[in-house]
Amino acid sequence: MDVAPRGRHAAPEPTPTDHVPSEHASPESDPEDAPEDAPTAQAYARDLVRTYGSGETEVRALDGVSVDFTKGRLTAIMGPSGSGKSTLMHCMAGLDTPTSGTVVVDGVEISRMSQRALTRLRRTRIGFVFQAYNLVPTLTAAENITLPLDIARAPVDKAWFDEVVAAVGMESRLHHRPNALSGGEQQRVACARALVGRPSVVFADEPTGNLDSRSSREVLTFLRRSVDELGQTVVMVTHDPRAASYAHRVLLLGDGRLTADLENPSRAQILAAVGAEEDDGGAAPARTGAHSAVPAPSRAARDPR
Amino acid sequence: MIRVALRGVREHLVRFGLSVLAVTLGVAFVVGTFAFRSMLASTFDAIIATSVNAEVYVRGAQSVAPDVASQAGATSTSASFGPQHSPVALSLADTVAGVDGVQRAVPDVSGPVVLVGKDGTAVVTSGPPSLAFGIDPQYPTAHLTSGTWPGPGQIVLESGAVHASGLKAGDPTTIVVGDAPRKVTVSGTFALSASTAGAVLVGLDATTARQIFAPDGKVTQIAVYATPGVGEETLAHRVAAALPASAAAQAVTGATVRAESRAAIEQVLGFLQTFLLVFAAIALVVGAFIITNAFAMAVRERQRENALLRAVGASPEQVFAVVLAQALAVGLVGSAIGVGAGALLVRGIRWVLAQFGMTLDTHIPLSAGEIGAAVGLGTALCLVAAALPARKAALVPPVQAMRDDVAPERGVRLRAVVGAALAVVGGAVLWLASRLGSALGDAHVTGWPWLDGQNPRVVLGVGAGLLLVGVLVASPAVARWVLRALGAPAALLLKPLGGLARGNVTRNPRRTAATAGALLIGMALVACTGVIAASTKASVSTVVNTELRAPLLVDSATMRVPAGAVAAVDAVPGVGHVEVVHVGTTGAARGSGTARSTPLAGVSTAFFEKALRVETLDGDPTTALLGGKAAVVRRTARDLGVRVGDTLRLGLGSSTTTVQVGAVFDSQVVGTGILLREDRFDDVVPASEAAVRAIYVTPAAGTSVSTLRAHLRDAVKPFLVLSVRDRAETASAVASQVNQAIAILYALLALSIVIALLGIVNTLALSVIERTREIGLLRAVGLGRLQLAGVIALESVLIAVYGTVLGVATGIAVSAALPGVLADQGLTRLAIPWGQVLLVLGVAVVIGLIASIGPALRAARLPVLEAVTVD
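These protein sequence lines are chains A and B, in that order.
First residue of the first sequence? That's 5 in this note's numbering, and the numbers climb one at a time after it.
First residue of the second sequence? That's -8 in this note's numbering, and the numbers climb one at a time after it.
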């Protein structure tokens, strides 16, 4: 089935960061910016710095992060509490404004956008899945799914809607209110909402943080499928190595810096990287197992297909 | 624990701030009422002290207590307040002057006047009288400020009149006094040593005044001044001894008259105060709603905190005390501010009245007792209102501290059942009130004497109360359905904002209903008032068209048509029949019973054929008049307990006479009173006390009403204050009076609406805080700030419209019973002003929009990131 939106289906081979400039270069980006991204990067950040407070109480949540999120890939961002992983996602998603550095999503620089433009961007190009409180309690599942389109007053592509709903397996529960749905079902509805507008990037913030293991598995499987089969680009923040093992790529953050970048890691590799991170936090970016990762044997068992 | 309570208040300043404001407004109204009353009382005290300054007064021995209700409406002929006395002969003044210790005796000759100002138009006061009186140059509290005391053809003006008319010494002008306009010159101006509260005082020379106001040689009283060193009591005894028995007069001390006047004024002010306090009470009840709401929300929101307190060992009583301590703080602060605001309010009112020429005493006396009462009331209100939420807080199980979720709202089925039952009973009671009212105590409506004997108005009040409480109780149960219907257009047209807003107001039906409840009460009263006004106008229009036989009516803005005008009207070409209605008030009693103050009218025998068409109940009115008998209006007949054939004793003092009741009739135009043939009327009411109230004019054959109206207008023009109206104009003149009265009621109700608005702000503000997370989500998925503000505004409008719809429906249901109950007040038809109902709904939308400003701004300004990540 060819269901990929905007024909961005086949994701090319994953590319490391710091790549060649491209024609997607954002015209409004600062001239002194770092080299531009690869044509396949759906979103990227350059020298991202985000500080909170000032003077003695200043906290550098992000301390010069440059990262590319490649099209058609599920990327997991991991790191201990306070490592800056959530801040990175918030900056990438236009929820937070970086202190310095550049964020480009879908070829548009968003780091200096007005609130109004950011609102429009979130409405049309970005999908969100939060850890909890994902749904508006007064709306049915179906209304929650189409909420971003309704807000944008955009027409709902019925076929695509049906497909997304089928993919999350919520066809029979569409007219229930959130309080009649289980936690897993709520997250699946949230995933469907994130995808129904065919966003450039879906950002998921601890999407399985509040779920039991079975529901987690359903949600993660769906996120992975949305990438593999529907051609979406998904960035997921998690602290759970099991969740991260569903990703094509895992980024580790520590003290506001990128400390590791793993391609198709196994759970063991992730655990090892996290362990190493905890042993000597703030180490230089490790390239452990990049390109070498083979799908772990366990994955086939986890994946219902 | 006190620290916990006080920190709670400090951390929720916004919410408690609104509660404080609600208390402040209610208390300010109460304090304002007390202060206004005190201010009026002290103003009138000063007037009494200034005007009642003689040592002894000689007046008629017979008296009748005034009907307070009618006294409040029509100003009496003289400046005196208190019981009405029979008049005394002017010549008694000479007798009294000869008594040892009397310096001089001054008869009180005074009456209404119309003064033409500098600009050529009549000086009109709204309320205070315009009085002319024979000037006594030695009057102790008056002194000339310019010119001289008046001679024939001259007048002096008091400073208030100078201010109102713009005239000064030497100016020529016109006054209408007695029977005709007179050209006069202002000879001077004088000042009294107290404020006249806006009255226009015109001094005439004593001789002219006697000719005009005492043509029959009778005056209301004679002021007796003592030579220095003679006490009031002593002089009163001496004067009393000198009065001949035939004079039917009595001598009383100035102190007695002052006390009587004060008591009469106190009574009127008491009515005014009660009237205002009713509205203050409404404002306070509405305020209590908001306080209960605010505390209920605070308690709900801090369920975990309270559970934690319980978990660490606080007893339920302690948690209860914490919440009540907060209520106490809110009540005390709100009341204290309210006292100050009330004092300011009265200053404002005084300033406004001063702009209309009514200067009041600058001293605003507020007793410590009144301040204490107001503060106590505000504080007690807070405590009572917070008691229920406090109980809820106290009963939170400690285990709740461990739970993440907030307990869901309880079901509303019980409230639906109880509310519906109350409303049904209320409706039945209203129906009963309507039937009782129309039966006028004659018929057996229920068959139970104790119920049939009830005052229909009391029954109406009980029914209205039950219905209102029933609706308030059932409101949460119906809220979901009514709001779903009300929100349907918004949900369809403004997708997805309308649906979101509707969902938000229906998810907590109890809270929405409680918030709308405050507005419900106010709007029910507004609707009731509106229906009464519309029904009154409709009834008046019906009455005018069915009862008035004469097509034209001449009457006066001062309630008195000068005698000269009657002659002028008679002389107009094309006039067919002229029916002059003389009125006066006197004592009336059945046989030898106690007299009641009753309005009397003297008419010609053609009255019922030419002027009015009435409903005859017993006997024939025209035959009664022809036979010199009395035709009595049904209500008066009931009050006096007379029927056809009974004997009435009418009049005061020497003019007492007896008349047989010849007919009983019902008329909305006449309302109350006794009608007599002119000559019999003159026997009862002395000429000095009688006045022409109105002239009914029928055109002669061949003259059109409009032509005659034009001619009549020309003829009465010199009398300045007379108006000539046809039936439609009469109806609209009454309608505009009704509008004025209604405007005052609306203004008083506006306060409770404003307080209800605060309640909506309160609920929305809390709702925004509670929904921070959800708002963050909506913003994250692309809801713009303006759209978010729109959602909040829609919610607010939905709540306001919901409360208004329920309130207006309740109000209309109550007023449906009014024509039955108030039939004897002239309210015979029920008219529902649908245009006004729509207007009120429009007002509700505006109220909703205003209430949403703060919360919507707050929601729109929430940073998205903080909102989505808030715990």
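Just to be clear, a hint being listed does not mean it is correct.
Computed footprint of chain A on chain B; a stretch qualifies when at least three of its residues, placed anywhere within it, have a C-beta under 8 Å from a C-beta of chain A [unchecked claim]:
1. 678 to 686
2. 775 to 786
3. 849 to 860
Since the hints were derived computationally from the structure, they do not count as laboratory data.
Glycine included, every Cβ here is placed at the ideal spot set by N, Cα and C.
Item to complete: Take the stretch 849 to 860 of chain B, compare each residue's beta carbon with every beta carbon of chain A, and decide whether three or more fall closer than 8 Å.
Response: Coverage by chain A holds for the stretch 849 to 860 of chain B (4 residues, Cβ < 8 Å).
Worksheet item: At a Cβ distance under 8 Å, does chain A reach at least three residues of the stretch 678 to 686 of chain B?
Response: Answer violated; 0 residues pass the 8 Å Cβ test.
Worksheet item: For the stretch 775 to 786 of chain B, do three or more residues have a beta carbon lying closer than 8 Å to a beta carbon of chain A?
Response: holds (count 3)
In the structure shown, a violation is registered for the earlier hint numbered 1 alone.
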